[in-house]
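Participant: So the sequences go chain by chain: Y and X. Going from the first sequence to our numbering is simple: count from 1 and add 105. Going from the second sequence to our numbering is simple: count from 1 and add 105.
Derived from the structure by calculation, the hints contain no laboratory data. Don't take each hint at face value.
Note that identical chains are pooled: a pair holds if it fits in a single copy or bridges any two copies.
Subject to a maximum C-alpha distance of 25 Å in a straight line, what follows is the list of computed DSS-like cross-link-like pairs (lysine-lysine) [as the list claims (entries may be wrong)]:
{"id": "1", "residue 1": "Lys256", "residue 2": "Lys170"}
{"id": "2", "residue 1": "Lys274", "residue 2": "Lys195"}
{"id": "3", "residue 1": "Lys518", "residue 2": "Lys195"}
{"id": "4", "residue 1": "Lys206", "residue 2": "Lys153"}
{"id": "5", "residue 1": "Lys256", "residue 2": "Lys319"}
{"id": "6", "residue 1": "Lys390", "residue 2": "Lys195"}
{"id": "7", "residue 1": "Lys170", "residue 2": "Lys110"}
{"id": "8", "residue 1": "Lys513", "residue 2": "Lys195"}
{"id": "9", "residue 1": "Lys182", "residue 2": "Lys513"}
{"id": "10", "residue 1": "Lys182", "residue 2": "Lys160"}
{"id": "11", "residue 1": "Lys410", "residue 2": "Lys167"}
{"id": "12", "residue 1": "Lys182", "residue 2": "Lys195"}
{"id": "13", "residue 1": "Lys182", "residue 2": "Lys510"}
{"id": "14", "residue 1": "Lys167", "residue 2": "Lys298"}
{"id": "15", "residue 1": "Lys393", "residue 2": "Lys110"}
{"id": "16", "residue 1": "Lys390", "residue 2": "Lys145"}
{"id": "17", "residue 1": "Lys274", "residue 2": "Lys146"}
{"id": "18", "residue 1": "Lys319", "residue 2": "Lys110"}
{"id": "19", "residue 1": "Lys298", "residue 2": "Lys110"}
{"id": "20", "residue 1": "Lys253", "residue 2": "Lys274"}
{"id": "21", "residue 1": "Lys217", "residue 2": "Lys424"}
Because the structure is a prediction, the values reported are computed rather than measured.
2 protein chains.
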Amino acid sequence: MEFTKIAQQAKQASLEIAGLNTRIKNIALEAIASAFEQNKKIIFDANKQDLISAKTLVEEGKLAKSTYNRLKLDENKMRDMIQGVRDIAKLEDPIGEILLKRELDKDLILTKVSCPIGVLGIIFEARPDVISQISSLAIKSSNAVILKGGKESINTNKTIMDIMNSALKTIEEFPQNVIQQVFTHEDIAQMLKCDEYINLIIPRGGNKLVQYIKNNTNIPVLGHASGICHIFVDSNADYDMASRIVTDAKTQYPSACNAVETMLIHKDFPLKNELYASLELNEIKLVKNPDRWDIEYGDKILSVKEVNSLDEAIAHINKYGSGHTDSIITNNTQNAEIFMNNVDSAGVYWNASTRFADGFRYGFGAEVGISTNKTHARGPVGLEGLTIYKYKLTGNGQIVDDYVKGEKHFTHKDV
Amino acid sequence: MEFTKIAQQAKQASLEIAGLNTRIKNIALEAIASAFEQNKKIIFDANKQDLISAKTLVEEGKLAKSTYNRLKLDENKMRDMIQGVRDIAKLEDPIGEILLKRELDKDLILTKVSCPIGVLGIIFEARPDVISQISSLAIKSSNAVILKGGKESINTNKTIMDIMNSALKTIEEFPQNVIQQVFTHEDIAQMLKCDEYINLIIPRGGNKLVQYIKNNTNIPVLGHASGICHIFVDSNADYDMASRIVTDAKTQYPSACNAVETMLIHKDFPLKNELYASLELNEIKLVKNPDRWDIEYGDKILSVKEVNSLDEAIAHINKYGSGHTDSIITNNTQNAEIFMNNVDSAGVYWNASTRFADGFRYGFGAEVGISTNKTHARGPVGLEGLTIYKYKLTGNGQIVDDYVKGEKHFTHKDV
Numbered sequence: 106m107e108f109t110k111i112a113q114q115a116k117q118a119s120l121e122i123a124g125l126n127t128r129i130k131n132i133a134l135e136a137i138a139s140a141f142e143q144n145k146k147i148i149f150d151a152n153k154q155d156l157i158s159a160k161t162l163v164e165e166g167k168l169a170k171s172t173y174n175r176l177k178l179d180e181n182k183m184r185d186m187i188q189g190v191r192d193i194a195k196l197e198d199p200i201g202e203i204l205l206k207r208e209l210d211k212d213l214i215l216t217k218v219s220c221p222i223g224v225l226g227i228i229f230e231a232r233p234d235v236i237s238q239i240s241s242l243a244i245k246s247s248n249a250v251i252l253k254g255g256k257e258s259i260n261t262n263k264t265i266m267d268i269m270n271s272a273l274k275t276i277e278e279f280p281q282n283v284i285q286q287v288f289t290h291e292d293i294a295q296m297l298k299c300d301e302y303i304n305l306i307i308p309r310g311g312n313k314l315v316q317y318i319k320n321n322t323n324i325p326v327l328g329h330a331s332g333i334c335h336i337f338v339d340s341n342a343d344y345d346m347a348s349r350i351v352t353d354a355k356t357q358y359p360s361a362c363n364a365v366e367t368m369l370i371h372k373d374f375p376l377k378n379e380l381y382a383s384l385e386l387n388e389i390k391l392v393k394n395p396d397r398w399d400i401e402y403g404d405k406i407l408s409v410k411e412v413n414s415l416d417e418a419i420a421h422i423n424k425y426g427s428g429h430t431d432s433i434i435t436n437n438t439q440n441a442e443i444f445m446n447n448v449d450s451a452g453v454y455w456n457a458s459t460r461f462a463d464g465f466r467y468g469f470g471a472e473v474g475i476s477t478n479k480t481h482a483r484g485p486v487g488l489e490g491l492t493i494y495k496y497k498l499t500g501n502g503q504i505v506d507d508y509v510k511g512e513k514h515f516t517h518k519d520v
Numbered sequence: 106m107e108f109t110k111i112a113q114q115a116k117q118a119s120l121e122i123a124g125l126n127t128r129i130k131n132i133a134l135e136a137i138a139s140a141f142e143q144n145k146k147i148i149f150d151a152n153k154q155d156l157i158s159a160k161t162l163v164e165e166g167k168l169a170k171s172t173y174n175r176l177k178l179d180e181n182k183m184r185d186m187i188q189g190v191r192d193i194a195k196l197e198d199p200i201g202e203i204l205l206k207r208e209l210d211k212d213l214i215l216t217k218v219s220c221p222i223g224v225l226g227i228i229f230e231a232r233p234d235v236i237s238q239i240s241s242l243a244i245k246s247s248n249a250v251i252l253k254g255g256k257e258s259i260n261t262n263k264t265i266m267d268i269m270n271s272a273l274k275t276i277e278e279f280p281q282n283v284i285q286q287v288f289t290h291e292d293i294a295q296m297l298k299c300d301e302y303i304n305l306i307i308p309r310g311g312n313k314l315v316q317y318i319k320n321n322t323n324i325p326v327l328g329h330a331s332g333i334c335h336i337f338v339d340s341n342a343d344y345d346m347a348s349r350i351v352t353d354a355k356t357q358y359p360s361a362c363n364a365v366e367t368m369l370i371h372k373d374f375p376l377k378n379e380l381y382a383s384l385e386l387n388e389i390k391l392v393k394n395p396d397r398w399d400i401e402y403g404d405k406i407l408s409v410k411e412v413n414s415l416d417e418a419i420a421h422i423n424k425y426g427s428g429h430t431d432s433i434i435t436n437n438t439q440n441a442e443i444f445m446n447n448v449d450s451a452g453v454y455w456n457a458s459t460r461f462a463d464g465f466r467y468g469f470g471a472e473v474g475i476s477t478n479k480t481h482a483r484g485p486v487g488l489e490g491l492t493i494y495k496y497k498l499t500g501n502g503q504i505v506d507d508y509v510k511g512e513k514h515f516t517h518k519d520v
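Bound conformation, chain Y alone:
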């Protein structure tokens, strides 16, 4: 099918799901979870087909082993995928929340109410469980969604999508075409141009994919291209805390976007050499003269720089960081406050590991992605990031001319 037709269908679906009540949405999510349970074998079979092709590509050196691993669905991932859908059903409905209620004048009431964004475009790489997760988030937030997955997982993706849509078809009140899938590279090009129908693009994948998308669309993009996170060890930092936090932030999951890439260390920190030795003992490779300061290693490698002052540390982070998450380790409250106010990042931490930057750890119950944008949503984004608001105004015949002429006056009272 032509992309424009799919996008038009998504737009129509978005209008129909906008007002759908919470109960039906949760029934739809439970139907999806049950359908996955009943059709596990079909999904695993489809996944095996993808794995056979992928294995050949790995052997030919055309596909990374890590991609192969992300592509592979096993019982654990399947269980998590199904549980993920049910967890989203349990979340509060983010739609219809009253954000402001104000009397503009007698019998003229303004209400600001949360509502869905409309149509989401999702472009993701190998992980097929993204389909189920993003589709569930879209349903819960009353958005329509068009997904484009990686070609390596095409059989798995098609099978998961078919199972979801078959489940949704059993629910009479649920609109058609809320979740749709496209497959070609040309579809991506068209999606990025389709600002008439698509309201938000969410890329789920590596730096290159996200950067490509950000550079090639004027549709808002929610995400982050890179995660260059820093930890600044201040002159009076606690030695044990510094060692533990830097080790956690670098080694607990080195390929995560919230892993630390650069340690800045105050020249007057008395246990510098001990700290270096301790990190090296924890298998971290220290690089004291990197070619560039904006490297995301994704591995147990850490750039290290001595700085002369707090201000120098802040300036370094604002220059080379990606605005993701940066932490200071210090016993000096004033320095901590200056750091948290002046570092221009989505997360600014004091005496805690950068690895806490995560929607689940923040207690959002879901994570749409992590954003380094300066508008709409920043940092770990929960369901709320898939909503916007509208203003409802109810009157009994009020006209502006009466207020301009001074015959009536606004009261502007929040109610």
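For this one, chain Y is given, so just place chain X on it according to the hints.
Facilitator: Leaving out everything else, chain X in the frame of chain Y:
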């Protein structure tokens, strides 16, 4: 000066003003207001120079008379401009507001706090008072700003900017380069490409300008290209109310973006012909067969369409509207609710004129613009639209590994 250099200066200024306290910001605004009062004559003289050139252009047919009028500063506009700066000083500081405070675990506290966006790029047409208004809003919200005005008002713009910056220089704590101006068409091209330093573009001008900007940048744009507003007169609408509201929405200020362009009327509304006659008596020209339904007349002209149902009215609005503001006139509560839920616009009104869509009328105390975006800010945008947030996390040495291993558990309690 090269644009990149100006943008870098703005970025630096944005980091410096981010943490500036409310008192200094308000002192800065009062200094600007006083400086305008003391230098009124210099501003009027500069404006006269612009008016002389503009008059020639009007006579040669190269400039619209309406542009000339918008360009002209008189005592009234000057008084409003000065008062506008003082009104912004009186508003609550939108920065530093705590939006969420949550204990993730004992002694691990997450705080979501409002902060400035960074650097704003403003592109505006003839009205020179925009400089003072937007600069004041930027200062109050701790953003840096780069303004590009129309060439017709270049002398006035330069003079106003010089007076503002001279006033700001007298305040020692106020950072340099918070408000800057650029002048050439090439500067616009560079601004639109400068996503490294500019975080939000706000166009203030006509449809063509806004559309051009939206199509030529991947920086977020706050604004609306057009205002195709509708009023739907339902079958059981009150006749007097319909006549009054449509007349107000069309004639009170026909060139406003929230003026109505299309009246949809239910085929069973019994007083159709009387309503048409009444609107014509109020000097509204009715167009029952327009070539297109997405016309913004900016004049006392109104497209009219009879529809068979509420659903047809809603579908028409969602197809041809601009998502700005649309109103239903009805005595049927259920129809009003369906209309307000299913029309996908920033403002959905019941028995009120579309002309209420305005930041001041909503009680925001200021208006940055009116947005038809589906992300960040929608509808009339107050100071809040110039803010985003960051997450501050304060701990005492917490690492993620303890939670992954199950040695510690999140409490997730809002405090």
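Participant: Now tell me if each hint is right for this structure.
Facilitator: These are the hints, each one checked on the structure:
1. Taking CA atoms no more than 25 Å apart as the test, Lys256 paired with Lys170 passes inside one copy only; the shortest distance there is 16 Å, against 58 Å between copies.
2. For the identical chains of this complex, Lys274 and Lys195 are intra-copy neighbours only, at 22 Å inside a copy versus 55 Å across copies, given an alpha-carbon limit of 25 Å.
3. Proximity of Lys518 to Lys195 under the C-alpha cut-off of 25 Å is restricted to the inter-copy arrangement: shortest distance 18 Å between copies versus 35 Å within a copy.
4. With identical chains, the CA atoms of Lys206 and Lys153 are never at most 25 Å apart, being 54 Å at best within one copy and 46 Å at best between copies.
5. In this assembly of identical chains, the alpha carbons of Lys256 and Lys319 lie at most 25 Å apart only when taken from the same copy (21 Å versus 32 Å across copies).
6. For the homomeric pair Lys390 and Lys195, neither the shortest alpha-carbon distance inside one copy (43 Å) nor that between copies (54 Å) is at most 25 Å.
7. Taking the shortest Cα distances, Lys170 and Lys110 never come within 25 Å of each other, neither inside one copy (37 Å) nor across copies (44 Å).
8. For a Cα distance limit of 25 Å, the shortest separation of Lys513 from Lys195 across copies, 24 Å, qualifies, whereas the shortest one inside one copy, 47 Å, does not.
9. Taking the closest pair of Cα atoms, Lys182 and Lys513 come within 25 Å of each other only across two copies (24 Å); inside a single copy the shortest separation is 63 Å, beyond that limit.
10. In this assembly of identical chains, the alpha carbons of Lys182 and Lys160 lie at most 25 Å apart only when taken from the same copy (19 Å versus 72 Å across copies).
11. For the homomeric pair Lys410 and Lys167, neither the shortest alpha-carbon distance inside one copy (37 Å) nor that between copies (60 Å) is at most 25 Å.
12. For a Cα distance limit of 25 Å, the shortest separation of Lys182 from Lys195 inside one copy, 20 Å, qualifies, whereas the shortest one across copies, 55 Å, does not.
13. Within a single copy, Lys182 and Lys510 get their C-alpha atoms only as close as 66 Å, which misses the 25 Å cut-off; across copies the closest is 18 Å, which meets it.
14. In this homomeric assembly, Lys167 and Lys298 never come within 25 Å of each other (Cα to Cα): the closest approach is 30 Å inside a single copy and 35 Å across copies.
15. In this homomeric assembly, Lys393 and Lys110 never come within 25 Å of each other (Cα to Cα): the closest approach is 54 Å inside a single copy and 31 Å across copies.
16. Neither within a single protomer nor between protomers do Lys390 and Lys145 lie at most 25 Å apart by alpha-carbon distance, with minima of 42 Å and 64 Å respectively.
17. For the identical chains of this complex, Lys274 and Lys146 are intra-copy neighbours only, at 21 Å inside a copy versus 72 Å across copies, given an alpha-carbon limit of 25 Å.
18. Both within a single protomer and between protomers do Lys319 and Lys110 lie at most 25 Å apart by alpha-carbon distance, with minima of 24 Å and 24 Å respectively.
19. Taking the shortest Cα distances, Lys298 and Lys110 sit within 25 Å of each other inside one copy (14 Å), while across copies they are farther apart (31 Å).
20. When the C-alpha separation of Lys253 and Lys274 is checked against a cutoff of 25 Å, the pair qualifies only within one copy, where the shortest distance is 21 Å, while the shortest distance between copies is 53 Å.
21. In this homomeric assembly, Lys217 and Lys424 come within 25 Å of each other (Cα to Cα) only across copies, at 23 Å, whereas the closest approach inside a single copy is 38 Å.
Checked against the numbered hints given earlier, the structure breaks hints 4, 6, 7, 11, 14, 15, 16 and satisfies all the rest.
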